[in-house]
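**Q** Hints are included, so try docking the two chains, each in its own frame, into the full complex.
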Amino acid sequence: MLKAPDSDVVLKTEITIVLNSLAKGLPDYAAALVQAGLLPVLWEQLELCGGMSSNRVFTQMVLCCLRSVYLQGCAPPPPTWNHKLLTTLIQYGYSPPKNQECVANILASACRQQQLVDSGGGNLVACMLCSPYSTVQLPALHCLAALCWNNERVSSVIVNIRYGGKAIPDLVVTLMARDRPFEMQLAAAASLTYLHRSNAIPADDPKIMYKTLQCLVRLCRRDCSVWIRVEAATILSYLTEVDMELQKTASMTDHLIVLMTYYLKYQVETPNYTDSPPFFSPFSTRKYNNPNQWPELMKEAALKVYASLSANDEDIRKKVIETEGLMNILLCSISNGNSSVQLAAVRCLHSLSRSVQTLRTTFQDHTVWKPLLNVLKTSSCEELISVASSTLCNLLLEFSPSKENILDQGGIEFLCGLTRRPHPGLRLNAVWALMNMAFQAEHRVKASILHNLGTDQIFRLLSDSDVNILMKTLGLLRNLLSTKTHIDQIMQGHGKEIMQAIILILEGEHSPDVKEQALCILANIADGDVAKSAIMSNEDVLKKLMNYMVMPNVKLQIAATFCISNLIWSVEIGAYERQAKLREMEVDKILESLLNTTDHNLFDKFDRNFGYIYNGHSKFYMEHKH
Amino acid sequence: MGIGLSAQGVNMNRLPGWDKNSYGYHGDDGHSFCSSGTGQPYGPTFTTGDVIGCGINLIDNVCFYTKNGHYLGVAFTDLPPNLYPTVGLQTPGEVVDANFGQSPFVFDIHEMIRELRSRERTTIKEFPVTDTYGQWQTILHKMVSTYLVHHGYCATAEAFARSTSQDLEEELTSIRNRQKIQKLVLSGKLGECIILVNELYPGLLDKNPNLYFMLRVRQFIEMVNGTDSEIEFLSDETVQHTSVIQSTKNIMSSLNDRNPAGCQLSTEELNQRNAQESSMSPSSSVIHSSASNNNNNNNNNNNNNTTNNGSGGSNSTANGTTSIIINSITPPPPPDSNYNPISSSSSTTTATPAAPSSGCSSSSASHINDSDMEMEYTDSGTTTLQKESSAVVSHSNGFTNGFSKHEEPQLDPEEDMDIEGSSSRGGTMMCKGSSAAIERMLDLGRELQQTSQSLRRDLGKSKQNKTMLQDAFSLLAYNDPWNSPVGWQLNPAQREPVCQALNSAILESHHLPRRPPLEICISHTKQLIDLMSRSGLGSCAFASVEAILQNQSSNSNNNINNSPNNISNISCSSASSSTSNSSSSSSSSSSSNSSCNSIDSN
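If you're matching them up, the sequences are chains A and B in order. First residue of the first sequence: 133, per the numbering used here; consecutive thereafter. First residue of the second sequence: -12, per the numbering used here; consecutive thereafter.
Derived from the structure by calculation, the hints contain no laboratory data. All the pointers check out, no bait thrown in.
Listing some non-contacts, in silico: residues in chain A with all C-beta distances to chain B over 10 Å:
| # | residue |
| --- | --- |
| 1 | 357 |
| 2 | 419 |
| 3 | 426 |
| 4 | 555 |
| 5 | 600 |
| 6 | 603 |
| 7 | 627 |
| 8 | 673 |
Pairwise CB distance ranges (calculated):
| # | chain 1 | residue 1 | chain 2 | residue 2 | range |
| --- | --- | --- | --- | --- | --- |
| 9 | A | 600 | B | 88 | 49 to 57 Å |
| 10 | A | 159 | B | 130 | 42 to 50 Å |
| 11 | B | 76 | A | 311 | 32 to 40 Å |
| 12 | B | -2 | A | 331 | 50 to 58 Å |
| 13 | A | 250 | B | 152 | 57 to 65 Å |
| 14 | B | 158 | A | 311 | 41 to 49 Å |
| 15 | B | 130 | A | 331 | 55 to 63 Å |
| 16 | B | 69 | A | 252 | 53 to 61 Å |
Ideal Cβ placement from N, Cα and C applies to all residues, glycine included.
Bound conformation, chain B alone (with noise of 0.2 Å):
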């Protein structure tokens, strides 16, 4: 009995490897035959009952035996691309069992296959770079720090390109600007998002007709979801959140009056001036609730100095931009209650719900002050915190007047909603159930439905679009639009891609690229290992870019730090930072698959 591989066209009447292109291990003298007659010394005989085992190892291009479970050792080397397993039978009744994977091997093959992965893994590693002059190090310092940029991580790109002693290419008004946007994109608020826009970047919705299309379905999408500002004021609750951008901003301009230069303040300092400030200044407790909230964030933020000094640059840089929200936010819902008859009407009467929702708008309005991407995805601890801030400010700054009473005992853990609550809570009623917000809805559909059919008439058909609008319309179709077919449209995720595609846009208009190069180094590597496995090179199937990345930060975790320098503790924190938003990298990532496609033609 002979068991081996041949190419295709072989002469199936004789044992393999007896002829060319074929390769055989023969029981009866143990011997391997590589396309020859004459056998070389191999292995043991083997005989009824033993199990042999043939693999081909596609990296070394090999080709190994084993015997009852124990490794032979490799018989044929530089084996040409596709062979078939052959098993040649010359006495008559001989019987044999083949098993290829359906039932587990003897032999211990995945072991094998984890070795060969750590070493491709090791090999890609330590894969020699000569970096005579540092340049290797500048090009990874560069490429990280326009990613951050990229993605408007403002402070840690601030604190990266300070600690690398690079520049940073963008402005930094022009890179929190994108960043504003994009916290708006993320956070559902495409009204205020696209008037932002507007104001920033006059005539460059104008000069994407399709882009700003999508911004509008999202808008759409989000009226449902209720969480887009137009409709989120309509249903009540905007009395505590612009006070507290009112009051921030208070808290902005006070710490800047008192520190020009702005930066280098730890949130310990910053608490304790906000108590000298308590005992003078009347919007104490503003101070204090907001100094809570700064707090928070910098927990999140893994307790890092940089990022807490990035933040307290930020806030001096941002002097300006600060009154410019508000005046961008403002006009369609004002930005005091106290000029806003129906939310201070409507809050008195539906006072139930207002609290959760207060909680979280108030938390996102006080997130755009604050430099972090902090996105929602922040652990409950976080909001139930601001909550309490946001409870502290309706008292203190008297708005509330009579239904403070009642907002006090619905501080109750029940009421400790997440701030996705728009999601997960509003659930069980469309727009939140206010009247007005489905008419502005169904206002914004028609709009929509008019733009889609000029947008028809001058740029032609396009079915990303109307596959777009069909699936947003469609969930007006449905009682329970978060539980339907089409409600993935209703998750937070699904903003990510318009979030992208909007801040590209902007990097475009200004000359800058459309994709970090760090993005587009992802892209093209994974195009490359296309491009091996479709030349044969086995590597390819353990170069998987994702693999490779999570190892190495894994890697990292396992190793007991010794001797920590600076500069890697502060690549660690970006990273970790990032990870909160890992979802919207790779989902950038496979969207920009399409586009590596056509460098890949070109």
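The shape of chain A in the complex, shown without the other chains (with noise of 0.2 Å):
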């Protein structure tokens, strides 16, 4: 009846506010609209109306039609906009109170960010911002945040955007206010962060650093309601994720490391039905309708919070870790709790592995690393995988007592089957780890990662198309030929595929530091007795390692001179005969000439070097992913 054209205004108007009446029932009820095809149906009819001013109360049923069904969270939002239905969306919005309210609502819910701001809709919150009414308000700023949620692009041109002489994050500061109701402080709160979090806004803007990080950390106040606290402290997690400064005054402010153990603890004491929020906003639909289930969230918002906070600062670890019953809860999260309870958990087990003091002590008495593989070997979930298997990197680290428990566990096993994974992050990871494994290790380690990882995964991982991938598997590479005996014996059984490699590389269009990584491979080969006779029975590479004494690159000049010297060791069995090749190979012409050069840096690293063995093979990997 909508459709038919000769209907009357105010028929269709009825049927509208029926269909309306209907979704605001239950979601399914709106589901099932939707099914049915009713917002094709009423965005042409909107369409239509866009002309004509006579029927407006019909236009503004119909957009409260759409903001129901769009508020229930079972519509998907539509797949790109047909521009002219956005823009006379938009225009909608300016006027009235009650329009505003409703275009708002659907902008936050159907957002498509770039589309949305190409058609004004960014002067459009911002004029919403400035309205009286806390209706309009919170819808709008709903929408900004769903804006400006991890997109560069939009971020940087919504900060810019004035309404009344003030940018609209200046007027959202305003409506952050600490009178303001808690459900607007927040919704505030989360349009300043993914601002900040999309570059737009700097760190230690007053906005962010002051007026965003304190009303996040009030909101998580006791005396707030559940899913206030939950949410608030999820967004604050991720405004700290990344800035130092942000952590170190976020965990000095209001206690709020005690105040998340009051998150870890919480119970619902009786469950209450009735007071559940009936609230909607784009981020948070429906999750918190079953009070059984917020113990639960209460956790997972305290543990990313955690997580976030220990990301870089000792001071900060300390405490958290010192926190009663922090690790009881993280272990017991990580082997039962749900999948996002879970991944928090680990994120927080991430960050604070990050300490070396930790490792050594709290997580060796706990044995985190139990859980850890656990989760590894049975989730599916690739972030969860991702961010565990960083935390193993860190369990790996030479002076990690869980390095042998998990080498015992067929660690290495499964991370060489991690290297096979197409998601790259997994790869990464599971070089790395493997690389920290190998440092410094024992025979039977390295030969049992070479077996399991095999040659062809090596190559494979030396093409990967990821720099960092390839410099990992490098540097696993070198960590596995160091000591002179490693090098005979790996050289013994895997020379020729290794020789091989280093020639991909050093043949292939890389950057000076991996091209310098292969060199140090080199260097690290020419130390071995036997080994030397790869690089010596190669004239190729005896050339290569010539070109590079030549070029105008430092770092590499002295990586290929070390590999020389490391050849012409006077020591060693069989240096007479090696010298005498160089020294046919002209070698020695361009070794006085460096003698020579103005570089002052250069040649104070040979005067030093020179006369010592380069067997500083590895390096101390402790970076800090994620």
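**A** Structure representation (structure tokens):
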């Protein structure tokens, strides 16, 4: 009937009112309406109304109905907006308040960031933020949050939009004032957080550092309702995920670390279904309807906050780790929690594993590696495995007591399997972990790694498109090829393939850093008694080495020279022959010219290192990922 | 370094927090010390260059700290009263800069205060009331209706009573009488007022000599102002004004004849009726003019149907009283200018000032018949319309004879003065420059002097009376009393206390409460808040009655009214109609404070 062109507007209006009432009922009703094809009809009607100002009531009802459907969260946003339609919708958003409310809700639920901004959605949001009605301001904030979420381009546009002489961030700050309703403060803080994380507002801006941070910590307080506390903590963890200053400030604001322990201990006192929040927002649909899930949600949020806070600062980590019962909760969550709590717990563990002290004490006491390895082996969630394997990297560090245990539990096999995963992050973590594992390891470990990984896989990793994986694989090779005996043993078994691999890298189009690693591996090989012959017999490699010695890159020059120096080291057997051969190739001239170099830095290093066997093949790999 | 709070008499040679009744946050370890030698881990350490804030929340009785503008959280709870800020220095060479608010704080304390304020407000607003049988609602209704009755918002009270289905304690006529009297006082016509009071409440003024004296002094002031009725008619322009009374009376009666039920007439209906009548009745234009008056008043009442109905209803019941007004007003000036040679002659001679003042007088006169308490503080739009209407009156009734020509051109914008013209415009000359009026005023002055003396004889000295009289007489000492130090007396707002006193006296004589329960309630609340502050309860700082009442109304404006129900709508309109008189209600509550004190001492 709505579609019928000759239907009376009054009748159409009545129909829409009925539909609106239906859509406001149970989510199932709304879903059924969507399935019945309600949305296209409504959009069409709205477009038809566009030109005529006469049927304002009808337009309003169409908007209301659309809003009700979208608020139920069961309708997917339109794949792309019809530009004209979007423009019309935005036009409706300027007045009156009832329309504004509807349009803001629709846009917040069905947001296509770039398109919306291109059509002037940013200006509309700015205008709505200045509305005197909280029913308009709140959805406008949700819309803003949806716009800025994880989108640098849109955010950079948004920060510069002004309305009434004030930029959007300033408008949002006024809505974050402490005497505003909690949900308004929360939505405003979320918007600013997203703007910050999209690099539109720097962390040291008072709006972020003071207003947003304090507002979020405040909303974690015990006098707020559960859903606000959970949302606030989650947003807070997002806000403080990267910036160290924010982490430091948050950790000292209003006893946040202690406050979070209440989250962990949270129990539903008396499940009171009546005060569950009937509140909808784009980021909290229906999640909080069942109070029995609240403890899990609280736990997840708190663990996320801990993970963010302890990401960088050792002092904060110490405070967090001292939180009573935290470790037990972490381990329980990892083994028993639902997937999102598991993820949060592993994140937290990952942040904490960056502390040497923690690795050696608390983690060892609680045998953290057990549940972690279990998760890695059983879970299918890539994000979870990614974080867990990063944690494992840290647990496999040379000084970590867990290393042995993980090796015993088939860590090598697992990690080698992981290098074959399609997800680049997983491959990286796996290689990284293997590299850490191989550092100053016993020969059986190295052999096991080589055996499990297989030379094919090494080649595959070396041709990986991700530079980081390439670097770590080379690092793994370097760590494998260290100390004379190991070098010889390995080169005996896999010498040919390794030399091939190195030539592959040296010939490929790679950055100097990658090539330096390859040269370092050569230098290591040159250290082995038997392995030297692998280089000496390969004139191609020697020529390459000489080439690198004259390259204008200092790092490459040094690495190549070290390799040569290892080859000609006179104490060893056969040194004379090698020296003769190299002299034949006029290496000595190059060396002489290098000694005359004007680069003081380079000369200095030569001077210091010529009498020194380059044996420092390993680096301390404890870099921070994520 | 330790920063904190200590009570009086704490050892000054120790860091705050170490001893009993002292509290401190120490920079070396970041611990908080609560009257104890061992500290609790509290916050970060602090050192040179850091700004540490220490704040007390007197509502929750807790102490918090801030570091460089970041809130560190509550450090101490259950603080005793009367603590002093304390800084303890231990290391030689330590330097402290203290800021007690003389320059802005790094931490945004104002926002925190705002939050506490809004929290207090929510607590008050959401204070649980056990209302099982709707008693609470009934009490509230009663309070509202008694307030409306007390101040004579007759139509509103009636509408309110009807929609909340309750009875008014006082009879409508009685309310209306008081309303009329108040209206006279508020429009500065004390002379008429006194006569009317004597008419309606014989013996009232005799029993309250102080009140009578107050009224007379006010009358004196109004004479200076030129607004009192005795003066007013002396100075020339009664022609139109009385005729309007006469003619509106005609309308009233004609309306009532045609519409015996007398109520439920919408403005349009009235207009239609008037239009019909205009074809047959000779006083057609008069009807028109008064109809437009009606219209204006209704517009002022937010076009609210209920008030409209109310005025319709009052018209019917006021049947008998209209004649009373005219009778009672008339004695000093005869109602019809035909009988008054002075007025007609003076009007011909000084035609120029006649037009504006006629505007105001006619409007006030027609207001008397209007049941709603619309004071002259209406916008100028109304005034012009009323002026026009009065101009029409003068034509149609034919009283104006020759000088109607003079009057026509005077309807230019310059003459469209506001109704308060008497105070702002007449300001150039005392008693509007009429010598007869001055004469009359001086007579009254002498009379007052005598009364004052006799009052002192009978009732003893009264400082209040003395200053009142002195202030009033001081007006004569100035060439331009309006801009003199005692000129405040001429402000129309000063009529309000007089009006209140008179109203209360009338109600008391009828054994009705002197003050409406609503006002008693408000002043009682204020008293309780005073008591809170004396008992050291911090919340009282944010519990100002005025702020809460104002916030309430602004809140209701902020919400989009999705589903208006009838009751809320009505209460809304009565609130908005009473805002025009808000100044009077506030002055009444301030005057009521003294009596409230006596309650307290009891």
